[in-house]
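Colleague: Sequence:
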Amino acid sequence: MSSLPLSTAIARLSLVLGVPGFLVLVVIPVLGRSTQRVAGLPLSVLALFFSFGLVALCMAVAWFAFDRHAPGLDDADG
Numbered sequence: 000m001s002s003l004p005l006s007t008a009i010a011r012l013s014l015v016l017g018v019p020g021f022l023v024l025v026v027i028p029v030l031g032r033s034t035q036r037v038a039g040l041p042l043s044v045l046a047l048f049f050s051f052g053l054v055a056l057c058m059a060v061a062w063f064a065f066d067r068h069a070p071g072l073d074d075a076d077g
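Numbering (numbering that gives the first Met the number 0), first residue to last: 0 to 77.
Calculated directly from the structure, the hints in this document are not laboratory data. Just so it is clear, the structure is predicted and the values come from calculations on it, not from any experiment. Ideal Cβ positions, reconstructed from N, Cα and C, are used throughout, including at glycine. Hints are not guaranteed to be accurate.
[As the list claims (entries may be wrong)] Ranges of calculated distance between the beta carbons of each label pair, as one might list FRET restraints:
| no. | residue 1 | residue 2 | range |
| --- | --- | --- | --- |
| 1 | 37 | 4 | 16 to 26 Å |
| 2 | 13 | 37 | 25 to 35 Å |
| 3 | 38 | 5 | 39 to 49 Å |
From just these sequences and the hints, can you work out the full model?
Modeller: As structure tokens, this is what we get:
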């Protein structure tokens, strides 16, 4: 496996762990204190549903941006 430049590794980790982690660990608990509801659902539940899509989007963007052309990922033998 080839080593990535530090800036690329930091960008990838920020995208894959930072954005979803911030959403789950900060935004959802803050919204959990709210009494607001949308379509009968609390805002924290809507944020949780939104986070599922956001995590998948972050993973897809990270793969397309950083790992798509990485050597050895297409080998069936490992």
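Colleague: Confirm or reject each hint.
Modeller: Now for the hints, and whether the structure bears them out:
Range check, residue 37 to residue 4: Cβ separation about 42 Å, and the 16 to 26 Å hint is violated. Between residue 13 and residue 37 the C-beta distance comes to about 29 Å, which sits within the given range of 25 to 35 Å. Distance hint check for residue 38 and residue 5: the Cβ-Cβ separation is about 44 Å, which falls inside the suggested range of 39 to 49 Å.
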